[in-house]
Amino acid sequence: MNDLVLIRKNLFRRKLRAVLMMVSILIAFAIFAVLASFERAFNAGQDRATPDRLVVLNKINFTQPLPISYYNRVAAIDGVAQITHFSWFGGYYQEPRNFIAAFAVDPENWMKLRDSDFVFPPEVRAAFIRERTGVLVGARMMEKWGWKIGDHIPISSSIWSQKNGSHAWDFIIVGSFTARIPQADTNVMLMGYDYFNETRSFGKDLINWLALRTTSVAANERVTDAIDGMFANSPYETTTDSEKAFNKAFAAQLGNVALIVELVVGAAFVTILMIVGNTMVMTVRERTREIGVLKTLGFPGGRILRLVLGESILLALLGGLPGLCVALLLITRVRDSLMSFVPTLSLYPDIAAAAVGLMVVFGIITGLVPALNAMRLNIVTALGRS
Amino acid sequence: MLSPTDPMIDIVDLCKRFTKGKETITIFDGLNLAIPRGDFVAVMGPSGSGKTTLLNLLGGIDRSDTGGIEVAGERLDRLSESELSRWRASHIGFIFQFYNLMPMLTAAQNVELPLLLTRLGRKERRERVETALGVVGLADRVKHYPKEMSGGQQQRVAIARAIVSDPALLLCDEPTGDLDRTTADEVLSILQVLNRDLGKTIVMVTHDPAAAQYAKRSLHLDKGHFIEKELAA
Amino acid sequence: MRSIILQILAVTTINLKSLPQRLWLSLATVIAVGLVVTVLLAFLSMANGFRRTIADSGAEDIAVVLRSGAVSEINSVVLRDQVRLIEDGPGIAKAADGKPQTSGELYLTVNGIKRSTMTKASLPLRGLGPQGPALRRGVVMTAGRMFNPGSNEIIVGRALGKEFEGFELDQTVTFNNTRWTVVGIFAADGSVFESEIWADLPVLQSLFKRAGAVQTVRARLSSPAAIETLRAYSDNDPRLKLDVMSEAAYFAQQASNTSDLIQKLGWPLAIAMAFGSLAGALNTMYSSVAARATEIATLRAIGFGGFSAFVGTLVESLILAAIGGVIGAAATFLIFDGFTASTMGGSFSQVVFNFQLSPRLIGQGLLLALAVGLFGGLFPALRAARMPIVAGLYG
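Chains as they are written, first to last, in the numbering used here: chain F, 1 to 386; chain B, 387 to 619; chain Y, 620 to 1014.
Because the hints were derived from the structure by calculation, they are not lab data. Note that CB positions come from ideal geometry on N, CA and C, so glycine has one too. Mixed in with the good hints, there may be bad ones.
Among chain F residues calculated to face chain Y with C-beta under 8 Å, some are [to be verified]:
id	residue
1	G146
2	G150
3	P154
4	S158
5	N278
Generate coordinates for the entire structure from the input sequences, incorporating the hints supplied.
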């Protein structure tokens, strides 16, 4: 026997009570891990963006267009290393509710810009540049719809129409790509801008935004000023921002997700903290006499404090660790249905580590008062011998 | 080191008072007592005479107000709480009226408890536990939980727990108060053996004159003072 | 019967009188249940407020015409010829002067700054014709006046003006190198239109280079049923290819995604938390039964039935949970009811809405609380009823 045995025996003395407390701790930590992962995935766009990436948008709003001529003019600015343009296709597959994230880009430069996020096999790279009607589809989107390379797929647009009046374009999937870093979302489709621009019935020679990489972060400010200055007082004024700031602002438009997550997690923890904390106090109070005996046997106060704290920490771990497993299970199960909303949802290792740290803190908080009570317990009173 | 002739217990001019509300109750006012090593003393006396308080003071779980109290060569009134804990662990074995075993631990684990305070290894601990349970005649009850044992058996486990760390002094508080005559005799015989064969000094508080018969001598405590009565050999 | 009721009353009274002995544990359960209800009701009132703001904006007798498959106004394009065909379509109410009551509208988004977070957000800028306001319920100017046709003037919805910076009366804002003056603030019966900026359609068309096209056409129907006539008309004309739906249906669809998402988040969270607090309730009630073992046994010994011990325990649990539920509902009401928030609606633009608690939602919250109380009390109550009398009397 050792202290751990003693702690375990104490904890499971009332099995039902211990199991109930574990269940509530399990739930609190499952909620924590799921919501924290959710928040992380939701903000993944901000984390993914490296500081040397800028976006150039229409100053009025990001939904307003820019002329394609800006592409070459911005590319020529000193300090711009790589650049591509984006046009929002507003795609759907078969039914308007089957939303497809599709963009028209400059194929060669888009792949150059996103080389650090995605893996493009050489033959895919060549095919996407070569085939005018070809589209590149990310691995997750291929998997979601069961598509294969070489498939002809009709993709409708909820915005654009072809000159013949059709809302749908027929594309050939010429290749696929996978993520190089976990935060990169491959539930996405890319098409060549030239073909898209020639076939659409309106909006000709307009794009939605430019994405670029500067030669160094130090050049950011100068490049930003040069771009926005170049187009000031033109019919299409621009606003240039870091990709990070743009993603952040876009996510913020949904509302303060972080705040909601914090409030709910907070409420869950306060609930469980009170229940477990009170139960621990009660449990130790019931054991007053035994603690008196231990002290009589010569167990010093510090040892008793550690025994009680050990019990509450063990309880928190026995409830919290399965809670993490439940969270992992939940996240894996809902990942696919939430793919378009939070593409990179997963239980991040640092969130799991933070959860384990929280369990220890939780154990200490719930055990501290009873442990101090036990440590300070007067033997004579405890044994009822006065 | 102590020599065998030094007293195990030496109390000089001890005072102990309790305050209960506005009232102050004086338990001892100038108590003197010397008990030599190897003695077996029964402390008798009416309720409220201070028997239990005396035992608490001897075991270092309660403190005197003034006066000197020396037990097993240590001035208890000069020790801190943590020093007292350490001292108790190595010098004192307690035996209570209601056994006070841990209900979730087996007999062996209950006996092993005090050894957790030592540096002994697992194997050595197991040997000591077996020896102690052998002394009280419960070698076959190692894996039993307290609720599976009779009162007498539980008290014998408690005795094993008290002696497992080989303390010199055993303090017993009404050890047979909850047992029938036959069982009580068994328990008292064990105490007698511990005193006679293993040289343990025993101080036993009891109401029961029959139990006191097992001791070498009896002390009567009345209103905080001793009236000594040597027993016929 | 009377005896059973008296027995139950007696046991319940004993239980409740002994509550102070378990004050902290009972309080923890009450607060835990309260927090569960608060979390649930916060989500539900958010979803409810969002849905009500948008869904209540739509009228049954207004038709919204969009490009087919466009889903929301921002994507839609309706060409000049199509607008004319719609105006001539059947089932559309005529004004006093004989003209059809229709309004071709442009729906753009512009940047604004949200006051609470000082972050950039997209706001809807709607260009509409002279008939536009009349096609919406309860549009009144609360300050200033209507914009003059042909001028760079805007009027701003009341809710938008409160949530976003820079839209006070007589201020100027710049979109697209053009300065616009805020000449009026309007209310629209609390509908989603109060989250919009309105300007003259032709002015917007020319400044945003959208001459000739609009994004949606709104039309007042001669009756709600006339929507079918208009839809059939559009479906049968190859030049139209448009989606025709009632404004009510359009907004209901716009609201459903977001409010569904909020509810889908709220219920599982609240239920998970309810299980957590159920553990607390069970604990509290088991210790309540343990603490009253002697009293229960004494009552049983003098002839009380096991049923009264059962009901007494259950009632205690239900009362604790109900108190928690009421506290939770009251907290939600005080903290969240009327709380103004804004989020992205269906068209990438902000919708300002209030959290709305309703009696039905409060009912749902209390039901959840009572469910926790019921299950938290059931097993301990069974234990109380089955407790052997002798064990209770002699420890």
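**OP:** Could you tell me which of the numbered hints above are not met by this structure, giving the numbers in increasing order?
**Re:** 1, 2, 3
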